[in-house]
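**Q** For reference, the chains in residue letters:
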Amino acid sequence: MGTLLEMQSITKTFPGVKALDEVNLRVQEGEIHALVGENGAGKSTLMKVLSGVYPHGSYDGEILYAGNPARFAGISDSEREGIIIIHQELALVPLLSIAENLFLGNERATGGIMNWQETFRRSEELLRRVGLKEAPGTLVDKIGVGKQQLVEIAKALAKDVRLLILDEPTAALSESDSQALLDLLLELKAQGVTSIIISHKLNEVRRVADSITVIRDGSTVSTIDAKTEKVTEDRIVRDMVGRDMSHRYPDRERRAGEVLFEVKNWNVFHPEHSERQIVQDVNFTVRAGEVVGIAGLMGAGRTELAMSIFGGSYGQNISGEVFLRGQPINTSSVRSAIDSGLAYVTEDRKELGLILEETIQTNITLANLPGVSSSGVLNGAEETKVAERYRKAMNIRTPSVVQRVMNLSGGNQQKVVLSKWLFAGPEVLILDEPTRGIDVGAKYEIYNIINDLSREGKGVLMISSEMPELLGMCDRIYVMNEGEFVGELTAAEASQERIMSLIVTE
Amino acid sequence: MSDTVSPNEGQAEAGGKGLSGYLLGHMREFGLLFALIAIMVFFEIVTGGTLMRPINITNLFLQNSYIIIMALGMLIVIVGGNIDLSVGSVMGFIGALAAVMIVNWDWSVYMAIPACLLVGVLIGAAQGYWVAYWNIPSFIVTLAGMLVFRGLSLWLLQGQSIGPFPREFQALSTGFIPDLFGVDRPNVTALVVGAVVVAIIVWTGLRKRNRNVAYGIEAEPMPFFVVRNAIVAGAFMFLVYKLSTFRGLPNVLITMGVLFIIYAFITEQTTLGRRIYALGGNKKAAKLSGIATERLTFLTFVNMGFLAALAGLIFAARLNTATPKAGFALELDVIAAVFIGGASMSGGVGKIVGAVVGAFIMGVMNNGMSIMGIGIDYQQVIKGLVLLAAVIFDVYNKQKQG
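Heads up: the protein sequence lines correspond to chains A and B, in order.
Residue numbering for the first sequence follows this note's numbering, starting at 1 and increasing by one per position.
Residue numbering for the second sequence follows this note's numbering, starting at 507 and increasing by one per position.
Bound conformation, chain A alone:
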């Protein structure tokens, strides 16, 4: 078997961030190649370069595909060559049928007129190949995420895929769905399909991968041939992280004070399906100066818990009590939650956290406009002064505070969101994935900010999917699974294994 794909010295820069620095990747024909690395290491960027999302010319380096130089101007170019990428966020149209989705943009038609017989016949074939028993006419939003993932793969097969790229395909899947997906990948391999799989789950990688490339901070660290070398998870983790854990998280003197924030008997139901309980009997406390983590898999209900506490921003039939310094507080609306001393830094900064078109100063003052106005009239000078103060304190890298937020890098955007909430003067901050999608240097700065908050005696509740981050930052970690808290660990007790076993044994 020869080399199907060779990416040579790929370098890609975004304003302010070098996302890829001389990355090399070589994929053999007919293998499953795993691409691993931390969040923000550059895996997805590399795959976007490969698939033409970032067209030729927007990066440096050379791509050789099936022996020939490949210069894709867009996704349609790479798809014509049989390179199909399945993104983390699925690209299915929920209100179309499975069959329609399978041939979207690739319709079985003559002269623009749909050939439904052919569409359905081929759909059945493809669905059989991926092991789905659903009828081709079923609407996509009627089937679960796991099956939708299989539909995506069937869609790739419909395009005569030669190189299949899956970005975190199992991140949102249950254990059994994940297994089914991995089995399918092995089966496709037997049929001659080459795959690249991006994953955080090292046990899955070990199970299916023939070779593994580790990327760290935008560079290739190592390529491991799983057929000849013994692969241990330790080895992969060492390559992924590349340095001592103690250096990744700044030190903080840990001294938790009195109980500051307490939530009792918290229950939340799904906003549309009132019978589905999303959060069940959750109780927790945060002490002054304490950083408390919530660990859990995607879909465990952590964000839903946080948002429901923050002014009932998620769910219905919310019940339970919230206390600040032992006094019950009203969190029934976002306004009253903010006024009571809560702040919630959202997981999705672009959709929920920022107004991208607006300036830095407008964003920073948004949650506390009374702080820069008197009787409803804004004091522009004061607003600029406030924004400048946070620019310095947070080290937001920008020429001026009237710069639009959309022009900032992810890390700087996150600092703007944090500034907004600090200016609102909270006592308890709920940070939901505070370092998602930002580079390693900016992460360290965010950690420093969190430590400063703790030093000032604020309570910090931190939700993160990166377990090392929770272990490195938190004084205590609650473990959440399927809407319930299934365990509580002190910093001394906690380890990735302990957390995982709490999740799994549930």
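Honestly, the hints are just simulated from the structure, not real lab data.
All C-beta atoms in this analysis are idealised placements derived from N, C-alpha and C, irrespective of residue type, glycine included.
Do not take every clue at face value.
[Claimed, not checked] In silico BS3-like cross-links for lysine-lysine, where the CA-CA straight-line distance does not exceed 30 Å:
(1) K385/A with K714/B
(2) K133/A with K189/A
(3) K904/B with K790/B
(4) K793/B with K350/A
(5) K889/B with K831/B
(6) K904/B with K789/B
(7) K714/B with K904/B
(8) K264/A with K793/B
(9) K350/A with K142/A
(10) K392/A with K793/B
(11) K385/A with K793/B
(12) K350/A with K385/A
(13) K904/B with K18/A
(14) K350/A with K904/B
(15) K264/A with K790/B
(16) K142/A with K790/B
(17) K385/A with K904/B
(18) K133/A with K201/A
(19) K789/B with K392/A
(20) K264/A with K201/A
(21) K831/B with K392/A
(22) K18/A with K350/A
(23) K385/A with K789/B
(24) K790/B with K385/A
(25) K350/A with K789/B
(26) K789/B with K142/A
(27) K201/A with K189/A
(28) K392/A with K714/B
(29) K889/B with K392/A
(30) K227/A with K142/A
(31) K201/A with K18/A
(32) K790/B with K350/A
(33) K159/A with K133/A
[Claimed, not checked] Taking CB as the label site, the calculated pair distances span:
(34) K350/A with L686/B: 55 to 65 Å
(35) E351/A with F771/B: 30 to 40 Å
(36) E253/A with W640/B: 22 to 32 Å
(37) R801/B with E275/A: 29 to 39 Å
(38) G425/A with F548/B: 48 to 58 Å
(39) P399/A with Q905/B: 15 to 25 Å
(40) V901/B with P399/A: 19 to 29 Å
Based on these hints, arrange chain B on the given structure of chain A.
**A** Relative to chain A, chain B alone:
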């Protein structure tokens, strides 16, 4: 006209790039103003001086007053991320209602006017309720409103025109401020008011500029500031002088001017205005920042209803009769004015000044082309192309800024 450094539109990168760099970064604001001036000069020349004759300038203000008044409200609705298609019909309906009250029922003008404004508020509230609290798309709610109120005004008027109105009602639109100094030609009151307004424009501009310099925000280069203010002041005084040689300041110009100042102040200088921009810019983020997005959306429609009612009264007063045709398709002129003025369809972007200048651009073109005797057919085509060109210019500028 636009003295403030816009908080909402693209800022040039900081760092001295000089005059041309500054001009490029603020293309939108200056482009619009110069476009208006260029259009006026163009029509002044091709109409052989008719456009700038005192009586025609007075007419320009009277003809466009109701569009400008509604554009103020429409800008706010559009910045909030919605649209209101019903304003033309609501305007016609209120005019009809006023006619029925005053002419048929013999109500006093001083009772009928507040009653009509209140009805406008209620209409706005009724539409805003569905948009804000039920999340029904504003396009649909107000499209329904457009049909409903068109039908209701036909029903009220029984298909007939009703008029004439008493003098004190007509004064809403066709009255003039008398010369307090007794000279009358030229009207000294008008000149004094004009001079005071110019002084205020320059003074607030200077203050803003000094503040920006003090805070290290890139301020407009001084020569530019002087030239721009000189043009604005000169053009303004020129218009006022023209008005003063006819009958002075029309009442409706005062109404418009006061409303303009109030709404410019609210949108740019108050927390209420800031929240509306936030709502339109990112509704979810605004909500999670503690902003009562539903109530705010509701209020933008209530305000629109109020202004549409006021416009309806002024329109009826100007025609001195209420007709079933009043306000027909006028919502489109209002919406076009707001978009020519730089507002964004997706919300969160746009300025009161822009909407007013946009309305004047449309108004001058209407007026100029009519004087030239260009047929209504060509007029529509040209207006359509101008709207398209203005928005393309906007999008192009935005892409260039990245």
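**Q** Now look at each hint and say whether the structure bears it out.
**A** Evaluated hints:
1. K385/A with K714/B: 15 Å, holds
2. K133/A with K189/A: 21 Å, holds
3. K904/B with K790/B: Cα-Cα ~24 Å, so holds.
4. K793/B with K350/A: With a Cα-Cα distance of about 14 Å, the restraint between K793/B and K350/A holds, given a limit of 30 Å.
5. K889/B with K831/B: Holds, at roughly 21 Å.
6. K904/B with K789/B: 22 Å, holds
7. K714/B with K904/B: Satisfied, since the Cα-Cα distance of roughly 25 Å is no more than 30 Å.
8. K264/A with K793/B: 25 Å, holds
9. K350/A with K142/A: 28 Å, holds
10. K392/A with K793/B: 27 Å, holds
11. K385/A with K793/B: With a Cα-Cα distance of about 25 Å, the restraint between K385/A and K793/B holds, given a limit of 30 Å.
12. K350/A with K385/A: Distance of about 25 Å is within 30 Å: holds.
13. K904/B with K18/A: 25 Å, holds
14. K350/A with K904/B: It holds: about 19 Å lies between the C-alpha atoms, which stays within 30 Å.
15. K264/A with K790/B: Answer holds: K264/A to K790/B is near 27 Å, not above 30 Å.
16. K142/A with K790/B: Status holds; Cα separation ~26 Å.
17. K385/A with K904/B: Holds - the C-alpha atoms of K904/B and K385/A are around 28 Å apart, at most 30 Å.
18. K133/A with K201/A: Roughly 27 Å separates the two Cα atoms, so the pair holds.
19. K789/B with K392/A: 29 Å, holds
20. K264/A with K201/A: Violated, at roughly 33 Å.
21. K831/B with K392/A: 60 Å, violated
22. K18/A with K350/A: 21 Å, holds
23. K385/A with K789/B: Answer holds: K385/A to K789/B is near 26 Å, not above 30 Å.
24. K790/B with K385/A: 27 Å, holds
25. K350/A with K789/B: With Cα atoms ~12 Å apart, K350/A and K789/B stay inside 30 Å; holds.
26. K789/B with K142/A: 28 Å, holds
27. K201/A with K189/A: 20 Å, holds
28. K392/A with K714/B: 24 Å, holds
29. K889/B with K392/A: 49 Å, violated
30. K227/A with K142/A: 41 Å, violated
31. K201/A with K18/A: Given pair K201/A, K18/A holds - Cα atoms ~26 Å apart, limit 30 Å.
32. K790/B with K350/A: 10 Å, holds
33. K159/A with K133/A: 21 Å, holds
34. K350/A with L686/B: 55 to 65 Å: 57 Å, holds
35. E351/A with F771/B: 30 to 40 Å: 32 Å, holds
36. E253/A with W640/B: 22 to 32 Å: 53 Å, violated
37. R801/B with E275/A: 29 to 39 Å: 31 Å, holds
38. G425/A with F548/B: 48 to 58 Å: At roughly 55 Å between Cβ atoms, F548/B and G425/A fall inside 48 to 58 Å, so the hint holds.
39. P399/A with Q905/B: 15 to 25 Å: The hinted range 15 to 25 Å holds for P399/A and Q905/B, with Cβ atoms some 21 Å apart.
40. V901/B with P399/A: 19 to 29 Å: 25 Å, holds
Checked against the numbered hints above, the structure breaks hints 20, 21, 29, 30, 36 and satisfies the rest.
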